[in-house]
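Residue numbers (my numbering), protein chains in the order written: chain Y, 587 to 697; chain W, 23 to 136.
Don't read these hints as lab results, they were simulated from the structure.
All figures in this text were calculated on a predicted structure; none of them were measured in a lab.
The reader is advised that the hints may include incorrect statements.
[Claimed, not checked] No more than 20 Å apart at the CA atoms, straight line, and that leaves these computed lysine to aspartate or glutamate pairs for EDC-like:
1. Y:Lys657 to Y:Asp641
2. Y:Lys628 to W:Asp23
3. Y:Lys642 to Y:Glu680
4. Y:Lys628 to W:Asp62
5. Y:Lys654 to Y:Asp641
6. Y:Lys657 to Y:Asp635
7. Y:Lys642 to W:Asp51
8. W:Lys31 to Y:Glu625
9. Y:Lys654 to Y:Asp617
10. W:Lys79 to Y:Glu680
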Amino acid sequence: GESVGLHLPTLSVQEGDNSIINCAYSNSASDYFIWYKQESGKGPQFIIDIRSNMDKRQGQRVTVLLNKTVKHLSLQIAATQPGDSAVYFCAEGEYGNKLVFGAGTILRVKS
Amino acid sequence: DSGVTQTPKHLITATGQRVTLRCSPRSGDLSVYWYQQSLDQGLQFLIHYYNGEERAKGNILERFSAQQFPDLHSELNLSSLELGDSALYFCASSATMGYGETQYFGPGTRLLVL
Numbered sequence: 587g588e589s590v591g592l593h594l595p596t597l598s599v600q601e602g603d604n605s606i607i608n609c610a611y612s613n614s615a616s617d618y619f620i621w622y623k624q625e626s627g628k629g630p631q632f633i634i635d636i637r638s639n640m641d642k643r644q645g646q647r648v649t650v651l652l653n654k655t656v657k658h659l660s661l662q663i664a665a666t667q668p669g670d671s672a673v674y675f676c677a678e679g680e681y682g683n684k685l686v687f688g689a690g691t692i693l694r695v696k697s
Numbered sequence: 023d024s025g026v027t028q029t030p031k032h033l034i035t036a037t038g039q040r041v042t043l044r045c046s047p048r049s050g051d052l053s054v055y056w057y058q059q060s061l062d063q064g065l066q067f068l069i070h071y072y073n074g075e076e077r078a079k080g081n082i083l084e085r086f087s088a089q090q091f092p093d094l095h096s097e098l099n100l101s102s103l104e105l106g107d108s109a110l111y112f113c114a115s116s117a118t119m120g121y122g123e124t125q126y127f128g129p130g131t132r133l134l135v136l
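So that you can see chain W by itself, here it is in the shape it has in the complex (with noise of 0.2 Å):
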């Protein structure tokens, strides 16, 4: 167990729909990481929030956003879902700026787009 949660587990919804991840970083971590995993590709980075703020943008469409909450959880918000969106969704999280850092992943959450 990694520490990092993530709900929920699984989620099932329509083209068109909009869904919101969450997860709650290991205790005391200030980074979360967000990342997209499908099965024709690998980890494929989104998004880097610290301290609640926005640090690094990586592969993220622009109908998903993030944020960072006080409380340092975070959620990634997914819109105008497609089929293609389809996929793991992994939050991970680190101790500090996430340079030279460990990153600490959660079990992660399964989207199913129908």
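Pulled out of the complex, with its shape left as it was, chain Y reads as follows (with noise of 0.2 Å):
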């Protein structure tokens, strides 16, 4: 079946640095994608989406690039604080479909 993300890599950050994960799908027909973050505990909670007719979309220290050629997704986040230690998934969704959502990527900052 289709799928999204990787498989659990984990990104060590120091405080302060940029961050970049990364998310490759599969579904080219997906015109709609959400990063998540999760803390540990608690359930996902929304970061920042763009749909397939756009490149870039910039949040709050966030910024998704969408590479439709080569069907990748990627958050980069500016400036990491400890706070953004989480796990990040990547979600992808198609018109009338469900979302489908990546395994996630952990990230971890250091102080």
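Relying on the hints, combine the two individually framed chains into one complex.
Next comes the structure, spelled out in structure tokens:
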């Protein structure tokens, strides 16, 4: 079946550095993408989304980049803080279909 | 706080038993989704209800069922429980039918089957 994302890799960054979390998706018909953050013991929390008619979208300290040619999505976090430590999930959606979530990436911020 | 509530927060039960998990969506949201998250897997979509009607099914076992009531809260029923059903169960809600919409997640119910 279709799948999104990686098998829970871990990214360790120094506090204050920028973080880049990557996600590969397989359904070329997907036209809506979301990044979620999940802290230990909590439910996933919406961070930012992007539609397929865009290549880039910026939020507060976060930027999502979409490369439809290679079916790749990335989340950039500027000036990473200890509170950013969490598991980050990408998800893809297609009109009329459910969201499909990736396995997630662990982000560890070192102080 | 997402505005989605789930009860109970923790549930411990035995194999073969039946449990019911409850979810109240954000005020005004018409769609409710159920997900299962276990240690070795990511979020697995189970089922989606929109305004009381089943809209999409994912990897939901036949031993599991769900419904959405007129007041839009939803219940997920898990029966003939097995050890492998131990997981976090999340409910999420969105404003309308789900396409292109952000889903807001509740805090989850942690189920332990002994």
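Right, here's what the structure says about each hint:
no. : hint                 : verdict
1   : Y:Lys657 to Y:Asp641 : holds (12 Å)
2   : Y:Lys628 to W:Asp23  : holds (10 Å)
3   : Y:Lys642 to Y:Glu680 : holds (19 Å)
4   : Y:Lys628 to W:Asp62  : holds (17 Å)
5   : Y:Lys654 to Y:Asp641 : holds (8 Å)
6   : Y:Lys657 to Y:Asp635 : holds (15 Å)
7   : Y:Lys642 to W:Asp51  : violated (28 Å)
8   : W:Lys31 to Y:Glu625  : holds (16 Å)
9   : Y:Lys654 to Y:Asp617 : holds (9 Å)
10  : W:Lys79 to Y:Glu680  : holds (15 Å)
This entry does not satisfy hint 7, going by the numbered hints stated previously; all others are met.
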